[in-house]
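Here the protein sequences come in this chain order: A and B.
The numbering of the first sequence is the numbering used here, which starts it at 2 and goes up by one.
The numbering of the second sequence is the numbering used here, which starts it at 5 and goes up by one.
Honestly, the hints are just simulated from the structure, not real lab data.
Glycine included, each C-beta is placed from N, C-alpha and C at the ideal position.
Possibly wrong hints are sitting among the right ones.
Unchecked claim - Looking from chain B toward chain A, a few residues come up when the C-beta cut is under 10 Å (computed):
1) L57
2) R62
3) A65
4) Q111
5) I124
6) S125
7) L128
8) V130
9) L131
10) P192
11) T372
The primary structure of each chain is shown beneath.
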Amino acid sequence: LSKHRILQSFLAIGLLITSGLFLKLCLASVIAARPLMTIVDLEHKATPTDVPEIEKYLDRMQLAIELFPSRADFYTLVGRYQSVLNQTKERSTEYVDPMRYFTQAVALEPTAFEPITWQVNYLYQQYDWTQDFDNKLQIALRIGKYEKLAQQILLPIVLGNWQNLTEVNKQTTHQMLHNMLSTSTYFFRQTLGLAVKYCVLDVLAAHASNAQQSNEINAKLTKQQNCP
Amino acid sequence: MSSIDASSYNNLHKPKVFAALLMLLSLIPWLHGAELDWEILLFSSLFMLLLGLVVLSRQVALLSAFVKLKLPLSLLLLWLGYCCLFLVPMPIEVVKWVSPNIVIAQQNYNAMISSTPLTISKALTVLEIAKIVCVICVFCLCYMFAQHLTQQSKLLKILFYSSALMAIYSQVNHYTSGQYELINAIQPFHSAWSTAVRGTFSYNNQYAVYLAMTIAIGLGLLVDNLKYEQQTLAFKTATEFMIHIVTTKHIVTILLLIVMMISFAGTDSRGGSLILVVATIITLLHYFLRTKNRKWSKNKTLITLGIVVVFTSIFFTSKSYDSFESYGLKDNGRSLLHTTALRIFKDYPILGSGPGTYSVIQHNYKDTGLGNTAMSKHAHNDYLELLATQGLLGGILLCLPLLLMLGSIFRYLPIDNVGSQLGCQVAIVALLLHSAIDFNFGTLALSVYFFAVVAVLLRIVEADKGANRRKGENIMSELEYIQLLAAMCKPETDVNVFQYTATQDIDELALFNLAVQHGVTALATPRLTTNETDKFNLFHQKNDAFNKHRKIATNFFDAEAIKLIKALVAQNIPFVVLKGFALARTIYPKPSMRTKTDVDILISPQDIIQVKQVFTEHGYVNPRGWEAKVMMNQMSQRKWLSDDFYVDFDVHLKISNNKRLENTLSLNQLLNSNQTDKDTGSHLVGFAHALLHAIFHLMNHRSEGDLIKLIWYYDIFLLNEKLNEQENNDFLQLVNEAGLSKVTIKALELTTQYFDSLAIHKIISALDPTMAAAEFDSMLTINSKKSVFLENLKNQPSLKIKWLLVKEMAFPPPAGIYAKYGRQNKQPLILLYVRRIVGGIIKYLRYPDAR
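If we strip away everything but chain A, and leave its shape as in the complex, we get:
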């Protein structure tokens, strides 16, 4: 055997091993595909009867993480499933805090908006408003202010707690509102609904991107009752 032949054989073996490695990662993505598609439905209408399904998907996601451990979105998904499971009345498994999954996801992709948004969402639902939460909210708002998912999740939190927000967070929220209102009527209506609900129409008023939006906000303001 020549030196070249031996080197070539090593290269071939390297290629075959890497091919296998990629196949493993591919398998992880395939395994995670179904849980990813189902989570939104379960988050909206999970009942105790869905527990076996949730547990099945959690097992799948654990396997996916084993196969591809650096995927932040896998950890986020496990965190979301764990939250759904915790919210169901008849938990069949031991309680697991989803926080560690969200934390791991944020550590893996610190600049991505999804993990921090889901983490903030979970903290808001489960824990009190703390300094740490404020800091995390600040990061989430800064990173995700122009992203649809972050807007959908964070907007109810910030509008519902307008008085608790720091100045920095209020400013970032203004940027977010400006972005939402100038994007489409759909987002304007959604935001308007939330502003009415949380009595912060005056916050919204400054961001009307056209006369129609101003008129609608003013109309709601005049009709607004039961607000302090």
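We have chain A; now place chain B onto it with these hints.
Quick look at chain B alone, frame taken from chain A:
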């Protein structure tokens, strides 16, 4: 004539792997163009597996396979290595120094970290590396497999037909509002089928550029095929040619192209439409400005106008035109997206944020004017996205190999298969231009297609350069003339193999003389058509006239030869007809296509008296006037039919005059083959034996420095094509038994320089050079006459016979001298001997190459 070094040659013959490669190439656009993570990883894994299998094969020596691509491939691998470096955790101090913003991003969340990789997302970088590995694998595979025209053509065709099928799928869904949709678009892309045609891609702009690439390739292939058929079938009128197009497979290709154009126009992609036009103009301008002959024939102009009219009509009734009317050339927020990428680049200038991480960093930099759409997950400019994620270093590492490869492609002026080459060039330019306004390389299928096309084009360019074509020179060498003749001789294939340069002035007289000298006038004629008459008019006239005479002479020659052969058969003398006369009747479509000057037969030495008697009875005489006893194992017989016309027979007692080869094939072996001439009832040499004979006959002449006729190479080419599996095995066995494997490999490699064929490469790869006998090694080189003579002398068994050989060569009997200088010559015999010796010395001095 240059030869190929057997040790550096890679005969990659793995039909199953090649079929798998074609299948994957055709499949990859069908799964969203491999957009999802699992699709990327799956295709990367499969392409790597294929490359791994090929590399593992003994047929490939990687170092020599990529010898011409050492630098660009090394740079590509360096780029891959650079990207892998991003995954390695490094001490925080080091990262702070090389890419401080990575540390800031990490410490925003965790201030206690002591080490971190250079990327902000390991998973996304792994996915990007998978893409890079995939395109490098595809590039290597396509480059290794695209050795021959057939494989190049197959690779390009698969890209075209897969796209054509997708265009039909798109049209069906467009008119049924997506009722037959197999692949859903991935969010945020969700344009309705009735609004925009998008194939199986999520993003209609990517589908548009995919179509632009494959339309250009398909059009190029069609042009080449039509041109080739126009030349080979010699249509007299344009109507005849048009009828031919409409009634053959070409109409299917044309219809598919029309469907693809309709789909292209329906993509609603302004950029795509514009880019195809711009890329075509740039490529054609580049070609025509570099081509000295800038005259366009009437036909070419009409065809081009026709294509322009069809395309324009389709475009003006399409969604894309509506889109132009509505939006003009508005950039749809692209300038803001580009600004975002530049902001990231400003923060991560040297190394970038990590390969593939644009989607998880862009929102930190994007402008509010972009709204909250997920479209901003890409910079819509691949170059800026590359700079943002891989930094200046990554940009340079990728640009260098690309520039090197594209440079060698675009610096080269296409000679053969101009249509395909220009089509591929348009595809490359279209993708590169479109990447400045969209994200094409982000979709694996488009990157894969780009690198596949680059690899095939590099192969085509290399093949032409290997044939010593000199760019910018108007004078063709003799080798180039012979190659031109070889191109004229090639049998009909689905690829145009005959298109000769407009940049070179062809001396048609020299070409004709060479055609006569190399015995290919009958083969070269059918390839010359009206389309090339501007260039080959004189050649055509002379060749035509010559062939008319030759055909008449051949009829007389054959009739007389058949008479004699029948007489030998009637006498029950065992003999076999060899070489030209036999091959003309077995492997050529018409016997008249194989020119010949004599008839060679092999007889048993014990029948020589009887054979001579038959010849004498039929009026044949020995033209030499004497018979050599040692110098050669044959005798000549000639019959004069008129003052200038005769029939010659070479009666061989052994298969070769070369002492080392004379026992390679025996009469009994040859008689066992089943080839029988229906006209004469005589035995014709079988294919396996004929091939071996043709090879050592050629190599023997070559080693002696004689002229090697192109027709001999053509015989070898045709014989290879004709061998069935059994004959193929018989041939390999014969070669190995004779110890002629090295000689055979060399002869076949020489043949491929003129007549490349997969069958020949198959045989080369099946032969084992270690089975060769060392005694034949001298046949591998072109030797001097002196060394040939000395070797021949050495091979004689005794001193007496050695002396006889010298005597026969230097002092033939008077009859031989008179036969040479004419029986009526009145000069003294001694003077004729002196003339002969002086003539020999002059010849020796005049042709130093033959020494």
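Hints and how they fare:
{"no.": "1", "hint": "L57", "verdict": "holds (8 Å)"}
{"no.": "2", "hint": "R62", "verdict": "holds (8 Å)"}
{"no.": "3", "hint": "A65", "verdict": "holds (7 Å)"}
{"no.": "4", "hint": "Q111", "verdict": "holds (9 Å)"}
{"no.": "5", "hint": "I124", "verdict": "holds (5 Å)"}
{"no.": "6", "hint": "S125", "verdict": "holds (5 Å)"}
{"no.": "7", "hint": "L128", "verdict": "holds (8 Å)"}
{"no.": "8", "hint": "V130", "verdict": "holds (7 Å)"}
{"no.": "9", "hint": "L131", "verdict": "holds (8 Å)"}
{"no.": "10", "hint": "P192", "verdict": "holds (9 Å)"}
{"no.": "11", "hint": "T372", "verdict": "holds (5 Å)"}
In summary, the structure agrees with every hint in the numbered list given earlier.
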